[in-house]
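Novice: The chain contents come next:
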Amino acid sequence: MQDTVKAWLENGTIDVFLGYKKVDNHPLPHCFTKARLEELEDLVVSPDRYPLEKIATHMTTAKPEVKIGMLARDCTQRALNVLYIWNQLDPEKIQTLNVNCCPSPLKEKADCSYLRPATVGDYKKEKGVNNAALLEQLSEYGQEERLGRWMYEFQKCIKCYGCRNICPVCFCKECSLEHEDLIKTGALPPEIPVFHLIRAVHMAGRCIDCGLCEEACPMDIPLRLLYRKVNDIVAQVFDYKTGTSASQSPFNILGDSVTLEPKPIQLTGTDS
Amino acid sequence: MGDCHYLYGNYMTIKRITFLQELLTFLGLEGRIHLAWISSAEAQKFVQVVTDFTEKVRALGPNPLPTFSHNKKAALSSVLGRGMGKTPGSSPPEPALQEVYP
Amino acid sequence: MAGLAAAFGSGAMTNSIAEIEDAGCILIIGSNTTSCHPLIARRVLRAKEKGAKLIVADPRNIQLSRFADVSVNHRLGSDVALLNGMMHLILQNDWHAKQYIAERTEGFEALEETLKAYTPEKVQAITGVDVHDLGKITQLYATHPPASLLYAMGITQHTTGVDNVKSCCNLAMLCGNVGVYGGGVNPLRGQNNVQGACDMGGLPNVLTGYQPVTDAGVREKFAQAWGRDIPEKPGLTITDMVPAMLEGKLKGLYVIGENPKLSDPDWNHLNHALKQLDFLVVQDLFLSETAQVADVVFSAASVAEKEGTVTNTERRCMRLHKAVDPIHNTLPDWEIISRLSTAMAYDMSYENPEAIFNEIASLTPNSYAGMTYERMGLDGLQWPCPDPHHPGTPYLHKDKFARGKGRFHALEYQDPAEMPDEEYPYFLTTGRMFAHFHTGTMTRVSPHLDVEQKTGYAEINPTDAGKLTVNEGDILVLSSRRGRMEAPAHVTESVEPGTIFLPIHFGENPTNVLTDAEAFDPLAKIPEFKVSAVKIEKLTIE
Ligand code: SF4
Ligand code: SF4
Chain S
-16 MQDTVKAWLE NGTIDVFLGY KKVDNHPLPH CFTKARLEEL EDLVVSPDRY PLEKIATHMT
44 TAKPEVKIGM LARDCTQRAL NVLYIWNQLD PEKIQTLNVN CCPSPLKEKA DCSYLRPATV
104 GDYKKEKGVN NAALLEQLSE YGQEERLGRW MYEFQKCIKC YGCRNICPVC FCKECSLEHE
164 DLIKTGALPP EIPVFHLIRA VHMAGRCIDC GLCEEACPMD IPLRLLYRKV NDIVAQVFDY
224 KTGTSASQSP FNILGDSVTL EPKPIQLTGT DS
Chain R
48 MGDCHYLYGN YMTIKRITFL QELLTFLGLE GRIHLAWISS AEAQKFVQVV TDFTEKVRAL
108 GPNPLPTFSH NKKAALSSVL GRGMGKTPGS SPPEPALQEV YP
Chain Y
8 MAGLAAAFGS GAMTNSIAEI EDAGCILIIG SNTTSCHPLI ARRVLRAKEK GAKLIVADPR
68 NIQLSRFADV SVNHRLGSDV ALLNGMMHLI LQNDWHAKQY IAERTEGFEA LEETLKAYTP
128 EKVQAITGVD VHDLGKITQL YATHPPASLL YAMGITQHTT GVDNVKSCCN LAMLCGNVGV
188 YGGGVNPLRG QNNVQGACDM GGLPNVLTGY QPVTDAGVRE KFAQAWGRDI PEKPGLTITD
248 MVPAMLEGKL KGLYVIGENP KLSDPDWNHL NHALKQLDFL VVQDLFLSET AQVADVVFSA
308 ASVAEKEGTV TNTERRCMRL HKAVDPIHNT LPDWEIISRL STAMAYDMSY ENPEAIFNEI
368 ASLTPNSYAG MTYERMGLDG LQWPCPDPHH PGTPYLHKDK FARGKGRFHA LEYQDPAEMP
428 DEEYPYFLTT GRMFAHFHTG TMTRVSPHLD VEQKTGYAEI NPTDAGKLTV NEGDILVLSS
488 RRGRMEAPAH VTESVEPGTI FLPIHFGENP TNVLTDAEAF DPLAKIPEFK VSAVKIEKLT
548 IE
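Chains as they are written, first to last, in our numbering: chain S, -16 to 255; chain R, 48 to 149; chain Y, 8 to 549.
Do not take every clue at face value.
When the alpha-carbon atoms are kept at most 20 Å apart in a straight line, the in silico EDC-like pairs for lysine to aspartate or glutamate are as follows [to be verified]:
no., chain 1, residue 1, chain 2, residue 2
1, Y, 461, S, 161
2, S, 246, R, 102
3, Y, 461, Y, 428
4, Y, 57, S, 203
5, Y, 313, Y, 342
Derived DEER-like restraints, expressed as beta-carbon distance ranges [unchecked claim]:
no., chain 1, residue 1, chain 2, residue 2, range
6, Y, 292, R, 101, 56 to 62 Å
7, Y, 292, S, 228, 44 to 50 Å
8, R, 108, S, 155, 33 to 39 Å
9, S, 164, Y, 410, 53 to 59 Å
Keep in mind the hints are simulated off the structure, nothing from the lab.
By construction, the Cβ of each residue, glycine as well, lies at the ideal position given by its N, Cα and C atoms.
Same shape as in the complex, but just chain S:
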């Protein structure tokens, strides 16, 4: 790994390399350069994750010509695909060094949500939404209970914007979450569920299920589960599998043909 990166930096394939450096036993994201090749000795693959591709987006905004290399897991690749599609990064200027995806005790091909099985206590079981739940499990609850459980989770929110700030595919210059007319300002918890719903809707066609938002959320709100549902609907309704390829056009989402029909109003009982 060190050798490849060294060669890339030396022969000009890339100008900088984004990886992790071990500092006092903590892997921290670090930008390795040709000027300081000796630092490559501390280059590590980290079990802790940071959105390296987001750092690359920021770099590119500041300096469009810079060629960037980075360590890439599966989720990094998916994020890059989305960023290429949305013209935030130029595939010509990105080199990835693929590393084994997070090894997991539960699944062979890793799914990072299983890396650290969340400890879910009794109170959360009773009132909230289990972070490790599968989408289908939620349908065991009735409408009213589901609303109560999600609202319990949302009420914990401290509006820290951690979920947005860490998200590799959140790149808008002006964020709707900070728009006074959409979300009432000045209160904790923020206006719910609107705050979380706006973010969820905006993740349609973008979220690549890396789980960083949930890891970042100080209040352990099951954000990943919510965005999984978003992706699930996007796949069903728009036939769009987010992040799987860099060529699929996002304009699928607009679409010029459709097979859906408006649903009838059902006066009794619950729909679907």
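Please build the complex by placing chains R and Y with the ligands on the supplied structure of chain S, with the hints as guidance.
Specialist: Okay, now just chains R and Y with the ligands, sitting in the frame of chain S:
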């Protein structure tokens, strides 16, 4: 379908509305959003749809969201209390606090 | 801090932040944790979700009240009565830790005597807390060990601030909750380095590590190290400085990174005092309200532009790493002070912050002696760390209190200095909101935070708003015996009827026009920001 003034505007709309319907259902707010195609010539249909939908929303009862909006514990527990209890794997209900006073 | 030191012998959070997660019960009193210490609120909720009991006692309804097993709104300033009432019930139900009390504490009999009078009925009369709720919170606290008690400014900023803290200590010791993992009495400090600033002797009466200046041996040690005699009389607290300025005894003031024009009680009084000064220097990164009236203003290196250490609320000393070079010609604080001192004929020269830190360690035997930059690494070390092999101390008073035995203080409830009356019928309390920090010098210039709340406001209960026919956004005129201010109304159930809440961050709506400089704790000299009496009117334009 397809005879939208804005070309494929209604294709886009139905996808978005379907998306929103699904998402709101997932959260537990089912049935509070509706889409129908009504042309400017279909006054009768318009009246019918609005009447039906109004009736449906009335049947659903008041918007449950305001109950969560103030920092009163009572509000939270009253809503959480309803419809709960058949939680898979939930712990047995706690014994009520014994009265220590007087 | 004075209260904690008197009870335990050490004025700091007894336990670590991470331990809160493993508490059996958490009592939060006088702290709006999600707004002011969100990452501690995270631990509280985790504990709760794991099954801990949560009790919130606050005059306001805060975000955490929603999650509490029991939350009570005791009347502003009635903390001692509430805590005494809890202890009364603990003794009555025989829930106290008898062996612990006998072996590790002193002064229990006097407390027991005082508590007899605090029957639930009496406490209900003072605090407004229903006797049944009092019973419930007492039972939860006493029967779910280890119980952790968290408090913040809502306890300390009172004329009875020290008594309030001592009462918290009494309660914790009564149930044997001090010196155990996951328990303790935990003051949440406001800034990343308030604990550090106090540890460094940034108080008028102590040198580093709370070594009193009145102790000749301590003075001798520092005189040796510094080559100068150390004054034996304590200096002035900020509360003493204002009268000294007015009397002309204090002629020059050098303010480093503070904004007393907003953060000190009684704005009119302070303004008058500042005008008496011959010379006012303000060192601040931003042109604060105080800087605007100074004779000399200059900037300094910001947090990202300097090296050094900070000690946070859980006594953890951590290194700051310089990320960028200072812009223009600003200097880090230590260099400014060194140069100033050298110019004033005491040659202070250090090579770098590490040299200063090593001097601190060498002069602070118990708490910092074992720390070095190298040992701290990224995670830091928690004091006391007396020798180079000591791993640091996650929780204090494990087998023995710092002062030997834990001391109970028998305390009677006292009314706040000012209670509502016919003329000024409303309670006024002040505090913070989540988007802004202190006087807002830093946060109000950030567009992301400014958008959350651009102006000051006054929280008022819908019942009161109804009586005054006030709607959201109407301008309220608030007046106290000291002054008068205007603020838009925010109608909310966060405050109980009869109470007005004002956030302190906003210079154009300075809350300290209303608060009282004469009312402060006699020992800690902390002003009573949390309780005053006001009257309110709706502003009508004629
Ligand atoms: S999982 Fe979260 S952080 Fe990752 S892409 Fe989706 S929304 Fe963004
Ligand atoms: S990270 Fe969590 S607490 Fe922070 S804004 Fe997002 S949902 Fe809210």
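Novice: Against the range 33 to 39 Å, how does the distance between the Cβ atoms of residue 108(R) and residue 155(S) compare: consistent or not?
Specialist: holds (37 Å)
Novice: Can you let me know if the beta-carbon spacing of residue 164(S) and residue 410(Y) is within 53 to 59 Å?
Specialist: The hint (53 to 59 Å, Cβ to Cβ) holds, given that residue 164(S) and residue 410(Y) are roughly 57 Å apart.
Novice: Straight-line Cα separation of residue 57(Y) and residue 203(S) no greater than 20 Å?
Specialist: holds (12 Å)
Novice: Residue 246(S) and residue 102(R) were given as a pair; does the straight-line alpha-carbon distance stay at or below 20 Å?
Specialist: Holds. Residue 246(S) to residue 102(R) sits at ~16 Å (cutoff 20 Å).
Novice: Tell me if the straight-line CA distance from residue 313(Y) to residue 342(Y) falls inside 20 Å.
Specialist: holds (10 Å)
Novice: Between residue 292(Y) and residue 101(R), is the Cβ distance one that fits in 56 to 62 Å?
Specialist: With Cβ atoms ~58 Å apart, the hint holds.
Novice: For the pair supplied as a hint, residue 461(Y) and residue 161(S), is the alpha-carbon distance within the 20 Å limit?
Specialist: Satisfied, since the Cα-Cα distance of roughly 13 Å is no more than 20 Å.
Novice: When you check the alpha-carbon spacing of residue 461(Y) and residue 428(Y), does it fall within 20 Å?
Specialist: violated (33 Å)
Novice: Residue 292(Y) and residue 228(S), beta-carbon distance inside 44 to 50 Å?
Specialist: holds (48 Å)
The structure shown violates just one earlier hint, number 3.
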